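Please arrange chain B on chain A, whose structure you already have, making use of the hints.
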Amino acid sequence: MAKMTLEQLRKLREEKKGEMDKREVEGKNIQIIVGMGTCGIAAGAKQTFEEIIREVDANGLAAQVVIRQTGCMGLCHVEPTVEVVMPDMPDTIYGRVDGAIAKEIVVRHVLGKALLENHIYDRPAVDIVKQ
Amino acid sequence: MAYKQFILVCGGTGCESSKADDIYKELIANAEAMGVKDDVQIVKTGCFGFCEKGPIVKVLPTESFYVEVKPEDAKEIIAEQVIKGREVKRLLYKDDKAKDRIKLEDIGFYQKQFRIVLRNCGIINPENIDEYIARDGYAGLEKVLGSMKPEDVIAELKTSGLRGRGGAGFPTWRKWEFSKNISSDQKYVVCNADEGDPGAYMDRSTIEGDPHSIIEAMSICGYTIGADKGYVYIRAEYPLAIDRLKIALKQAREYGLLGNNILGTNFSFDIEVRLGAGAFVCGEETALLQSLEGHRGMAVPRPPFPAVKGLWGKPTVINNVETWANIPVIFTKGAEWFNKIGTETSKGTKVFALTGKVKSSGLVEVPMGTSLRDIVFGIGGGIKDGKKFKGAQTGGPSGGIIPPDYLDTPIDYESLTSLGSMMGSGGLIVMDEDDCVVDVSRFYMEFCVDESCGKCSPCRIGTNQMHSILQKISRGNGTMEDLDKLEKIGLAMKKAALCGLGQTAPNPTLSTIKRFRNEYLEHINDKSCQAGKCKDLIVYSINKENCIGCGLCARKCPTNCISGDKTQKYTIDASKCIKCGECYKVCKFNAVLKK
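Here the protein sequences come in this chain order: A and B.
Residue numbering for the first sequence follows numbering that gives the first Met the number 0, starting at 0 and increasing by one per position.
Residue numbering for the second sequence follows numbering that gives the first Met the number 0, starting at 0 and increasing by one per position.
Worth flagging that the hints you see were computed from the coordinates, not collected in a lab.
Heads up, none of these hints are tricks.
A short list of chain A residues far from chain B (calculated; beta carbon distances all over 10 Å):
1) Asp87
2) Ala99
3) Ile119
4) Tyr120
To be clear about the criterion: a stretch of chain A counts as covered by chain B if any three or more of its residues have a C-beta under 8 Å from a C-beta of chain B, and this derived list gives those stretches:
5) 4–18
6) 34–48
7) 61–75
Sample of chain A residues lacking proximity to chain B, with all beta carbon distances greater than 12 Å (derived):
8) Asp97
9) Val106
10) Gly111
Since we're looking at a predicted model, the values are computed, not measured.
For each residue, glycine too, the CB sits at the ideal point set by N, CA and C.
If we strip away everything but chain B, and leave its shape as in the complex, we get:
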């Protein structure tokens, strides 16, 4: 019995948390109750990327793209769409411009995207190896084992131009070649899935949506460098990704795609999952390897690099999830094909987790060289609530904020570095006029204070000092000397810190001092925060002319510091005010002033 229609339900963490699993179960229950379970295949897939509008349900072949679906809608989808062939119009996606609800191909969010890493996310069922195989899965491994020598694999990787997606952009083929050329009784392949940047979730979604692509890529690497053991080091906070990865590993073993004599060849390889306990520094490769060995996660000096002397002192290739996910495609579609995508120095695509004050947040994959404008205003649909774009933060606590003047810069490793930011793992947080750069820098520095492993003094002391100075400025006690001090400490950390965490921790601060100096000066000289984020610099008051005496603000105030009545109007007792902003938010008459 062949299926006539397919209902794909997003099973990413984002949609699952808004009841996607209930929707999935309801759809199945309704299809059974209405006697059409043999006509429609209901599949739970990986992330569609359009997280802003989740949970998402897609129906094929009509390509109906349903957004913000609720479990109660399942009945209507089955009754109307599956049985009668009529779309459930009220659930279709609708954008600002178009009056009518529109089809998938017309959704601006998907138009400029190009999917290599996320090729299977939202299409296949990640818990079914057959579906991965049907979409050219394990064809890369098949080609490599069947017809390529390790040297050929490295040559192909070199032609492709693939660079590490973890942030620094080191050419992948060189890592592999280092390890391959060293003779050793034991070598290792490691997948870094310890994604930790605030706001970044592309690695999680890749594993949740397409776990076999990681397994296939690691096996190709094992064959190339002569390793028979691999580890996936993944955060324990990603339970769904871990579950799906474990299911995938089991299926791969059953099919003989992992284990001894893979696909009837002499090559043997297996992969083990290791859970990270939630330290940000363990995303740094040397700290990760320490943690994998069972030690406390602390960075060790490089060289020797892990490719030469890594896990238990043996040559170890360690790549990030997104890098791995690119590799099978390079071997099925060819390095030449891959090399044509992107810019001169950066090939292929990059996945960004687009979040912040943007209309359509979500997971976005674009060719390298796409401009920030295309991502924020094209794919993301612009800034929420008609506010003004202030900047885009890339690279998390290691990156910087890119101001509006540089919106048209094509994004690649080099261009971001020259702007004082970095690619990082791919978090992209959009900021508007309500965000204060001093506050943002202080937030990231606080994050680094918490996450510094404490081994080297430039990082341990430097992050702390920079954090207290930033706090001083945000409280209105900063001086011009403080700015110089920040720059001085920052530069010292960049040069002297042991690992990437400490070396890049000053980036958010240094880049904003350079690009948004005026805002620092306002905090220091005028003691004012235009964005209204630095609580010590703002005062709430009530304009009696606008106040109608409704008393809503007084009822909402958690500290009862607003008093008055209809005739007297209301006043705020500044001495008791904790500046939570509730009164400002609830007042419908613009009577609460924030200054």
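Bound-form chain A, shown alone:
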């Protein structure tokens, strides 16, 4: 890289910050957990995971969101499964999350704080959702 000016240094920092933010766990209060057991991966959890990362980055949420992978959540009939844990929202598990739904989860659930009703498979109970 060529020699920088004050302005360029500032820009470079902003650019690189997102990457480093992903390594930081402290101070992040939103968790998106993708079930990546053998069944999940076979059902396309890898694509789901990648879509979530892309969408979180695109919305500038990298500093607040931890994206983890976990083993099988036990809901093998609706893989891939994604759990979202965040303040002001009930803990929610979504099922059959493909790339498009993954994108919606980030935009509507995390940013818009609204549940994606047709895709919920566990927690909170169905009656709470209906209300």
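What follows is chain B alone, placed relative to chain A:
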């Protein structure tokens, strides 16, 4: 392609020497072989501090904290954790209390720590300037060059209350102001990285883990005092730190953060690395400057202080590595923020190299004012093998031993000095009942005899005399007069020696005579060493009632002075015994006695 997971491998000297580099290479090879190299970023970072359990590997975002990892474990980490998302449970850290292996946030070692100096150690790749920049790196320099006058920088430093971390605790802003106010065609900025206290390694780890923080801080100083040249004087025994520093300097030059017209301003500054040849006295600032000029490393009288007349007679600000590492943060987070941490007189944090008879040794950063109890028993997890705490040695050959009664004293510059010790650079050696204070004092005095530059007689002769008296006491030939003599010589050295080395060399001896007088009296009057360290005062023998005649001691004895058989049991021939203690260590039946 974005990474989903991150594996951070400790690349400090401690972990490297236990094959961390092989682990790093194995992880990369396995990630490639299993086709996940685009999913996981594998980074070699600086020291995590938890050296007791190294090599350490941390996986994010699960925060899995793996300890004592071996290169063979790499395959399992990739296969289980990266591909299947399951932690490798057997490698997770486990403490005494918890049955299960635990997570990073629950590890006692990290709970009371507060990291300013080590903020990037164990997080960033020290060989990648972008990662430093991403964590507010060079933001301090940017702020200073973009919006502050030299006077403002000094005012900010004054508000922060930062004092020199090299040991004596001189206010940093005053050094800078002295140099700034003198007009001179040439001024210099020097980083003292000649860390020499036995057991201290915080400066090495800081440079290994975060070299850019030193470069940024020195540049800020250069701008403030009007210097365009800096030197890092670093021990040649720190090859890894030197390599990383040189890489960092090169990257900073490429980015225009060093060189002419830094960041498009009128300010120009560059830094050169100079290697020290291993003399302890070169950690003393005037001797360091002599050595830097190419002369033999010997102290010169002060005043004039280096800030006024230093390198080649020009005004020179010389600060220690840890002091430098604090400076960028003061400008990014603000002096007010920094000033709120610590005690009335000592602001910020202090890094200690916690070693000795403590369960979790390692690199520890705590706010000033933390008690010794919190460090030794909280962070360090207490004394090894259920033994009794005897004292903590701070300040290396310049400090003293703090006895158990003072465990709750909040640690800062003043409190340690009033206890007859000193902050020093931050070595903290924990001692238990098996350590003998006479032996420890003798060891440090021997170190000072070797390391005295020989220029002034109080130090050259004083250390030698004190050493022979201490040796006499440890051999059981001491008299009560010897104690008085030690104190007398010690006081004379404190007053008359030319530099810090000689002035503080009597500290370990004087502080122990005061705080552990009984132990000296035992050596002198009873000719006994309770800790069993002073070889001339102990005799090994075999208790025939406990001896089962297995002969293990006889086989281990290097001088073949143990004889006997199953029926006769064994005996030690005291005339041939060299008191190595091997027989005592190997006997499983408590039949070997040490008295």
